[in-house]
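Novice: Chain residues, written in single-letter form:
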Amino acid sequence: MNKRLFALLSVLVLASMMLAACGAPAPAATEAPAAPAATEAPVVATEAPVAAFQCTDAIGCVDIAPGEPVHIAYWGVLSGPDSSLGEDSKRGVEIAIDDMGGKFQGHDILLTTEDAGCTPEGGATAATKLATDTSIVGLIGSSCSDETVGGIATLTNAGLTTISPSNTRPVLTSPDRGPDYAGYLRTAHSDAFQGKAVAEFAYNFLKVTKAATLHDGSTYAQALQQVFADEFVKLGGTIVAQEAVAKDATDMKPVLTTIAAAKPEFLYYPVFVAVGGYVTAQIRDVAGLENVKIAGSDGIFTADLLKGGGENTKGMYLSSPDFSAFTGDYAGFIAKHTAKYGGTTLSTFHAHAYDAANILFAALGKVAVADADGTLHVGRQALRDAIYATKDFKGITGTLSCSPSGDCGAPVIAVYEIMNSDPASWNPSDATNPNPKKIFP
Amino acid sequence: MRTSFGERLLDLAVNGFLWGFRILIVVIVVLGTFLTIRAGKYTSEQWIDFVVFGISQGSIYALIALGYTMVYGILRMINFAHGEIFMSGAFGGYFIATWLTGIGFMDKYPVFGLIISMMFGMLVSTLIALLVERIAYRPLRGAPRLVPLISAIGASFFLQYTFRGFFGPGVYAYPSMKALDGEWIFFGIGILKVQIVVTIAAVVMMSILYSIVMFTKIGKAMRAVSENKDVAALMGIDVNRIIVTTFALGAAMAGAAGVLYALTYRQVNFFTGFTPGIKAFTAAVLGGIGNIPGAMVGGLVLGIVESVGPALFLDSIGIPRPYQLKDAIAYIMLVMILLFRPSGILGERVSKKA
Numbered sequence: 001m002n003k004r005l006f007a008l009l010s011v012l013v014l015a016s017m018m019l020a021a022c023g024a025p026a027p028a029a030t031e032a033p034a035a036p037a038a039t040e041a042p043v044v045a046t047e048a049p050v051a052a053f054q055c056t057d058a059i060g061c062v063d064i065a066p067g068e069p070v071h072i073a074y075w076g077v078l079s080g081p082d083s084s085l086g087e088d089s090k091r092g093v094e095i096a097i098d099d100m101g102g103k104f105q106g107h108d109i110l111l112t113t114e115d116a117g118c119t120p121e122g123g124a125t126a127a128t129k130l131a132t133d134t135s136i137v138g139l140i141g142s143s144c145s146d147e148t149v150g151g152i153a154t155l156t157n158a159g160l161t162t163i164s165p166s167n168t169r170p171v172l173t174s175p176d177r178g179p180d181y182a183g184y185l186r187t188a189h190s191d192a193f194q195g196k197a198v199a200e201f202a203y204n205f206l207k208v209t210k211a212a213t214l215h216d217g218s219t220y221a222q223a224l225q226q227v228f229a230d231e232f233v234k235l236g237g238t239i240v241a242q243e244a245v246a247k248d249a250t251d252m253k254p255v256l257t258t259i260a261a262a263k264p265e266f267l268y269y270p271v272f273v274a275v276g277g278y279v280t281a282q283i284r285d286v287a288g289l290e291n292v293k294i295a296g297s298d299g300i301f302t303a304d305l306l307k308g309g310g311e312n313t314k315g316m317y318l319s320s321p322d323f324s325a326f327t328g329d330y331a332g333f334i335a336k337h338t339a340k341y342g343g344t345t346l347s348t349f350h351a352h353a354y355d356a357a358n359i360l361f362a363a364l365g366k367v368a369v370a371d372a373d374g375t376l377h378v379g380r381q382a383l384r385d386a387i388y389a390t391k392d393f394k395g396i397t398g399t400l401s402c403s404p405s406g407d408c409g410a411p412v413i414a415v416y417e418i419m420n421s422d423p424a425s426w427n428p429s430d431a432t433n434p435n436p437k438k439i440f441p
Numbered sequence: 001m002r003t004s005f006g007e008r009l010l011d012l013a014v015n016g017f018l019w020g021f022r023i024l025i026v027v028i029v030v031l032g033t034f035l036t037i038r039a040g041k042y043t044s045e046q047w048i049d050f051v052v053f054g055i056s057q058g059s060i061y062a063l064i065a066l067g068y069t070m071v072y073g074i075l076r077m078i079n080f081a082h083g084e085i086f087m088s089g090a091f092g093g094y095f096i097a098t099w100l101t102g103i104g105f106m107d108k109y110p111v112f113g114l115i116i117s118m119m120f121g122m123l124v125s126t127l128i129a130l131l132v133e134r135i136a137y138r139p140l141r142g143a144p145r146l147v148p149l150i151s152a153i154g155a156s157f158f159l160q161y162t163f164r165g166f167f168g169p170g171v172y173a174y175p176s177m178k179a180l181d182g183e184w185i186f187f188g189i190g191i192l193k194v195q196i197v198v199t200i201a202a203v204v205m206m207s208i209l210y211s212i213v214m215f216t217k218i219g220k221a222m223r224a225v226s227e228n229k230d231v232a233a234l235m236g237i238d239v240n241r242i243i244v245t246t247f248a249l250g251a252a253m254a255g256a257a258g259v260l261y262a263l264t265y266r267q268v269n270f271f272t273g274f275t276p277g278i279k280a281f282t283a284a285v286l287g288g289i290g291n292i293p294g295a296m297v298g299g300l301v302l303g304i305v306e307s308v309g310p311a312l313f314l315d316s317i318g319i320p321r322p323y324q325l326k327d328a329i330a331y332i333m334l335v336m337i338l339l340f341r342p343s344g345i346l347g348e349r350v351s352k353k354a
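If you read the sequences in order, they're chains A and B. When we follow the working numbering, the leftmost residue of the first sequence carries the number 1, and every step to the right adds one. When we follow the working numbering, the leftmost residue of the second sequence carries the number 1, and every step to the right adds one.
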């Protein structure tokens, strides 16, 4: 009996693990090479003394023997309702690697991924796993500000440096952010800009004076709606309600009824896809909110919002980086994207991820030292310093310079309007018939 | 029996804490209700809306809770995979509803379309529940009670990741039914059509189930097995068949609930079953686990408290963002009910049966 029981349980466990692994085909494919990468660590350790190179770096060096790949890791949200956000950025990194020909100074570039699930706990778990892999040179990520809040201390203390393409919470790059953030930079804009742009859009362009906000408890949404509220009040408007729900809530009608009682003209919910979809789908069902103008932000700038939100998404406003203000060759990037993946971009931060990866490679190019036998040495502190020293870097999103507190982005925000609620019509970079379409500024 | 002074002191402290907790919660509820009603922020239509939202959510909880409570009544085990059975019903309904919408059937015959979708969702749920019962529970029938519980958790993960494997991690948007858009007006109060349909469908399903259990031969057999398996077997009842029937009935309810839930919220993904599953389990315990009317009452009470609670209790006593505490309200209510009435709202006193 006991034997059979054990056999049954192990079959169940094994089967569910297998299924879990094939669940996400895309990340699994890139994760597969992670196994050899992990075993390479001891090899590197024995290789180091042979080489003539002496590591004088304050927080250690990564040594890449001939034939070994240069290991870059991407961490972000690759499962759940927000997976488009992470997948979109991951594609930006992959295109950047393709542009390098898949090689860095003769070594293959290996990209592995770690799912952080868009939560602080997921970020902490992913960071802990990444921190134990001594072959990793640099990181791109995370997707959600929550993930960074959960994981950055672990990464910084392991000597790693990460560049996030899509974290926008203002405090992550504030000058007083603390030493745990020494290994953190971003190419995304800070929401100090985004919240202000949306407030100006609402007050000056839509001419509304009474606004309400709703957030999902994530650090991103909480901070962004507060920036919006402060800026909106500064412009002369009134905030009539600021509500919040849990990230796994599905029934939004009660909270929307409470908001309706405050009689707003404009509701701003800069949340993630799950809550964004439910709110949009249910908002017109609530008495008093039938005609309220609705807006979200870059967290839900994805066709997935149209899937969850349905017909009500038509006419909704979304703020996002202004694609038309990108000074680099964005059209060229889109062409590569279409050739590689087909279809349209999934979310808004692919170009930021491409720039982040290229900043990492440029910094790597400055600090990597090649030995006579072809071993590559990278000082971790030197790499970090080189990334911070990035100045006038010609990226797609603009000419980028990193501030001492890790802000590398060129923040130009636009507000887009969703023209069609059919997810298949989503194509913000379409020349003639874009959906969503830029309407402000 | 004599107890030491220290033990008595500890007892006193624990009791004191529990009473303090009860009093605190009651004070918050009464004060919050009083202040909210005096503040007059909401119109009476809005209060009715809150209750209606609660009833439609609660009737879905009730349908799911039935499965927990029936299985517990018969096997004394918690079927933690029940949330996933619910999710599989929602998926089944999704595929048939999308297909029906695609061929235009749904717009022409919305009532039949809805019934077919629900039937199909129930069928999928039932099949999966029977498989789970056969593979994960029946071989463990004689094992200690913890063993099937762990197996149930394993089955739950297995089903989640199976669906994730087949259908990916993203969300599927349920087709919107034109016939369910808009409101019906009752006595000057508009109520969403979809909520009325969901509530009526749930009530019908529950009445069918209740009649089966109370007035048919197989229902009698189920009640007999739930009272005492061994004696029931001696009376010539095929216990295994009754257990399978119970699983099938519970799963059918969950499948119907899955389709209704997806109709209300218009999306489904592999993780859909988790939160409603936990909530429905709460509802089953709330109503008195093992008791069928209890599950219905528990579901409705939970739905209504979740919907009304944040606005009624917390809004006016200065608690910011009360809707983030929706789950806290639900679970505190569970604790309160269990403190005052350990067997749940309708639960009979636990008998001293072995």
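For the record, the hints were derived by calculation from the structure and aren't laboratory data. Don't take every hint at face value.
As the list claims (entries may be wrong) - Derived lysine to aspartate or glutamate pairs resembling EDC-like cross-links, with alpha carbons at most 16 Å apart:
#: 1; chain 1: B; residue 1: K178; chain 2: A; residue 2: E417
#: 2; chain 1: A; residue 1: K247; chain 2: B; residue 2: D230
#: 3; chain 1: A; residue 1: K196; chain 2: A; residue 2: D176
Unchecked claim - FRET-style restraints, in silico, Cβ to Cβ:
#: 4; chain 1: A; residue 1: T238; chain 2: B; residue 2: F340; range: 41 to 47 Å
#: 5; chain 1: B; residue 1: L131; chain 2: A; residue 2: A362; range: 41 to 47 Å
#: 6; chain 1: A; residue 1: V233; chain 2: B; residue 2: T33; range: 55 to 61 Å
#: 7; chain 1: A; residue 1: N291; chain 2: B; residue 2: F186; range: 34 to 40 Å
#: 8; chain 1: B; residue 1: W99; chain 2: A; residue 2: D385; range: 58 to 64 Å
#: 9; chain 1: B; residue 1: I37; chain 2: A; residue 2: T209; range: 54 to 60 Å
#: 10; chain 1: B; residue 1: L31; chain 2: A; residue 2: T209; range: 32 to 38 Å
#: 11; chain 1: B; residue 1: W19; chain 2: A; residue 2: G60; range: 55 to 61 Å
#: 12; chain 1: A; residue 1: S324; chain 2: B; residue 2: I208; range: 44 to 50 Å
#: 13; chain 1: A; residue 1: T338; chain 2: B; residue 2: S44; range: 51 to 57 Å
#: 14; chain 1: A; residue 1: V233; chain 2: B; residue 2: V27; range: 55 to 61 Å
#: 15; chain 1: A; residue 1: S324; chain 2: B; residue 2: W99; range: 36 to 42 Å
#: 16; chain 1: B; residue 1: L339; chain 2: A; residue 2: S405; range: 49 to 55 Å
This structure is a prediction, so every number in the text was calculated from the model and none was measured. Cβ coordinates follow ideal geometry from the N, Cα and C atoms, glycine included.
Novice: Take the hints in turn and mark each one as holding or not.
Specialist: Verification of the supplied hints:
1. B:K178 - A:E417: 25 Å, violated
2. A:K247 - B:D230: Given pair K247 (chain A), D230 (chain B) is violated - Cα atoms ~47 Å apart, limit 16 Å.
3. A:K196 - A:D176: 21 Å, violated
4. A:T238 - B:F340: 41 to 47 Å: At 44 Å between Cβs, range holds.
5. B:L131 - A:A362: 41 to 47 Å: 55 Å, violated
6. A:V233 - B:T33: 55 to 61 Å: With a Cβ separation near 32 Å, V233 (chain A) and T33 (chain B) fall outside 55 to 61 Å, so the hint is violated.
7. A:N291 - B:F186: 34 to 40 Å: Taking Cβ atoms as reference, N291 (chain A) and F186 (chain B) lie about 23 Å apart, which means the hint is violated.
8. B:W99 - A:D385: 58 to 64 Å: 59 Å, holds
9. B:I37 - A:T209: 54 to 60 Å: Violated, at about 30 Å.
10. B:L31 - A:T209: 32 to 38 Å: 34 Å, holds
11. B:W19 - A:G60: 55 to 61 Å: Given about 58 Å between the Cβ atoms, the range holds.
12. A:S324 - B:I208: 44 to 50 Å: Violated - the Cβ-Cβ distance for S324 (chain A) and I208 (chain B), about 59 Å, lies outside 44 to 50 Å.
13. A:T338 - B:S44: 51 to 57 Å: 56 Å, holds
14. A:V233 - B:V27: 55 to 61 Å: 35 Å, violated
15. A:S324 - B:W99: 36 to 42 Å: 41 Å Cβ-Cβ, so the 36 to 42 Å window holds.
16. B:L339 - A:S405: 49 to 55 Å: 51 Å, holds
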